[in-house]
Amino acid sequence: MIQRAVAEECQVRPLSVVKTGDKVLLVRVDAGRGLNNRLASMGFVPEVEISVVSNGHPGPFVVVIKDVKMALGRGVAHKILVK
Amino acid sequence: MSGKLGVPNYGPMERIVVALAGNPNSGKSSLFNLLTGARQHVANYPGVTVEKKQGVCRYQDHEIVVVDLPGTYSLTAYSMEELVARRFVLEDKPDVVVDVVDASNVERNLYLGTQLIEMAPPLVFAFNMADLAKRRGLVFDLEQLSRLLETRIVPTVASKGEGRAALLEAILRTAQEGRKARIHTVQYGDEIEEQITRIEGVVREWEKGLAERYGSRWLAVKLLEQDEEILAQVGRPEVLDVVDKSVRHLRGLFRDEPEIVMADRRYGFISGACQETIKNSVERRHDASDTIDAVVTNRVLGLPIFLLLMYAVFWATFALGEYPMKGLEWLFGWLTAAVSGLWPVGSESWLRSLLVDGVIAGVGGVVVFLPNILLLFLAIALLEDTGYMARAAFVMDRLMYKIGLHGKSFIPMLIGFGCSVPAIMATRILENRRNRLTTILVIPLMSCGARLTIYSLLIPAFFALHWRGPVMWSIYLIGILLAVICAKLLRVTIFQGETMPFVMELPPYRVPTPRSVLIHMWQRGWMFLKKAGTVILGISIVLWVLASFPKPDARDLAGLDETQARQVAMSHSVMGRVGHLIEPAIQPLGFDWKIGTALIGSLAAKEVFVSQLSIVYAVHSQDSSDVLSAKLRASYTPLVGFCILLFCLISAPCVATLAITRQEAGSWRWAAFQFLGLTALAYGVTLVVFQLGRIWL
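Order-wise, the sequence lines are chains A and B.
Numbering follows the numbering used here, with no gaps: position 37 of the first sequence is 37.
Numbering follows the numbering used here, with no gaps: position 384 of the second sequence is 467.
Calculated directly from the structure, the hints in this document are not laboratory data.
Be aware that a few hints might be false.
[As the list claims (entries may be wrong)] Straight-line distance between alpha carbons at most 30 Å, and here's what the computed DSSO-like set of lysine-lysine pairs gives:
{"#": "1", "chain 1": "A", "residue 1": "Lys-66", "chain 2": "B", "residue 2": "Lys-217"}
{"#": "2", "chain 1": "B", "residue 1": "Lys-176", "chain 2": "B", "residue 2": "Lys-136"}
{"#": "3", "chain 1": "B", "residue 1": "Lys-714", "chain 2": "B", "residue 2": "Lys-136"}
{"#": "4", "chain 1": "B", "residue 1": "Lys-613", "chain 2": "B", "residue 2": "Lys-135"}
{"#": "5", "chain 1": "A", "residue 1": "Lys-23", "chain 2": "B", "residue 2": "Lys-217"}
{"#": "6", "chain 1": "A", "residue 1": "Lys-69", "chain 2": "B", "residue 2": "Lys-613"}
{"#": "7", "chain 1": "B", "residue 1": "Lys-485", "chain 2": "A", "residue 2": "Lys-19"}
{"#": "8", "chain 1": "B", "residue 1": "Lys-571", "chain 2": "B", "residue 2": "Lys-135"}
{"#": "9", "chain 1": "B", "residue 1": "Lys-362", "chain 2": "A", "residue 2": "Lys-23"}
Starting from the given sequences, assemble the full structure and let the hints guide the process.
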């Protein structure tokens, strides 16, 4: 049981499935070069800690990275892979 | 150097050009206002829909010209704003670049800073909102950080006016030093550095010009990042070949695009510098901003709150604006009487007619909207400066995204129901150029207040009481539907691609400073007045000439009363003749030359349609509108009446709208496209409605 929870914790998954209040680490962004770069310039780089302030099902999504609050479209949250 | 920025030169060594760079929400605009005060000049960068603000201040016998670059997170070639900022730094070579850094969020903000460091202009960092950072528990060792970054760092609190003198001093000293060689710059790690060195070698050999202009290292970095604009400038296949090999090599090595690895290394460089110099003593807690956000971005409450605030903006603009507007109308009425009074009663002078019917009526008709413009931009400045605008975009995004627009596009479109001119000016809140152009082009489809005058004449004239509401409602709805369809069409055709997915910073809420709100409001108002005094004045005179000349012979007017004489004169004028001329073209829509003439007149302003109709129908100006209604009812069927409504809704925006479109979009091409496109659309829709209606009704 505990092992499964640990495995799940480490599993790579899209940011869009992360629950409100959880903290995760960014693995990579699966998007075109334009979005990839824009996200990188806003602080979305590998190993950065993302805390999900609200997983606003449906619609935008609020996260905090390095003290900055950001709203993401659902489409964007799907493309961000975290663990 | 003089003509470059359109500011007179006071002599060598006295004038310093400063470019202000920084992230959105870093407080860049307040710092700009702090440096330059209200003496600002707003325009667009040549050929693009990106705002360029410029201002001047004096410091120790130096004239300092400050150019506000668009707020960006980076300096890539992926967006027009970033390109514009980058080009200004590279091509215009400002004497100093000031990077405004949000001190409570240094690491993310310095990402742009590292890119500026790489471009190697004389650089100063302004650590803005230093008070907020302190309150958040951040402790800086600015001296040490400044040594590590080899750049002067000045703490500022722009909203409270702190740090101005220190910043100007740093600017001056940095300008006097000029460009200097750096010891440290971003290091990308052995594998990438190896490729950078290789590319530097080939560009120095084959692209001497580019290497000298941009510096070989920066050029190599950009080529490795596959920067489209820089790649396009490189002609030599020898260079491109090496770049291609290096990119493929690194891609294989890192299993990722080199540019992403490089972004990561830049953050590494930053955290290296910040690690020892910035201490965070307090953990981030739930603060007031979070509490407000929980309400205003709430799934259930978010939309009603947004709509309520929009209603308040709309009400303030048009209901509060009503009183000063009445005052201005009275003023222009008085001016008309005063100017008319200079000529004896009954005399016909073309000069009088030019001044009264052309200049005062044309410019006055537009200037009366000044109170609306000022109030609207006051409201927008408040929404923006408090930080609510980002939340509004967030709330509206799901809906607007479906038609290919940004959440924020909703605001200008809503304002379009009042008047297209401020609505188009309000598109400046949109950062993305394609979004902005699409919004500008469809705004005239939002039925503006001036068109209400047409509806309130025609709808009662043709429709029974219980039909009036539904007809009015359907006209507004058709406008909205067409706007949605057109926006969607534009986004899949000429503005395709780059449907920027929604990523937006939600800055902490702040209390706006009266100073910055007032400056913002004044700038827009002044821009509007300048437009009214130049382009709109010119076009009003042209339209007046078309409606007044050539004059009919005195013989033709013999025995006619004043009203009949006006009718004959209108029919004889160029406008009347064009009305006759286009009759065959508009006949399939159910229109005759009289409507044609009125439509041409309505180019000056939509409501002129009504006064033109009363001239061609020879209605006495003292008569009530019932007389004209009766005449219209006798001449046309309700179907034709509906078609006129449709055509007035969709077709050719008024000259003021065209002039503003030209100004905001940056070229007459867009204004012409809007004019022709909407007129063609109006023709098509009206044609279908009239022809089908004729068969069915």
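Practice item. Could you grab the alpha-carbon distance between A/Lys-69 and B/Lys-613 and see if it respects the 30 Å cut-off? Key: At roughly 40 Å apart (the allowed maximum being 30 Å), B/Lys-613 and A/Lys-69 break the hint.
Point to revise | Given pair status - B/Lys-217, A/Lys-66, alpha carbons within 30 Å | key: holds, 16 Å
Check your understanding: Does the structure keep B/Lys-613 and B/Lys-135 at a Cα separation of 30 Å or less?
Key -> holds, 17 Å
Point to revise | Satisfaction of hint between B/Lys-136 and B/Lys-176, Cα-Cα up to 30 Å | key: holds, 17 Å
Practice item. Compare the distance between the alpha carbons of B/Lys-485 and A/Lys-19 with 30 Å, and conclude whether the hinted pair is satisfied. Key: Given that 30 Å is the threshold and the Cα spacing comes to 26 Å, the pair holds.
Review point. Taking only the CA atoms, is the gap from B/Lys-714 to B/Lys-136 under or equal to 30 Å?
Key: violated, 53 Å
Point to revise | Holds or violated: B/Lys-571 to B/Lys-135, with C-alpha atoms at most 30 Å apart | key: holds, 29 Å
Point to revise | Pair hint A/Lys-23 and B/Lys-217, alpha-carbon separation not exceeding 30 Å | key: Satisfied, since the Cα-Cα distance of roughly 26 Å is no more than 30 Å.
Review point. Taking 30 Å as the top limit, are the C-alpha atoms of B/Lys-362 and A/Lys-23 close enough?
Key: Between B/Lys-362 and A/Lys-23 the Cα gap is close to 22 Å, so the pair holds against 30 Å.
Hint compliance for this structure: hints 3, 6 are not met, and every other hint is.
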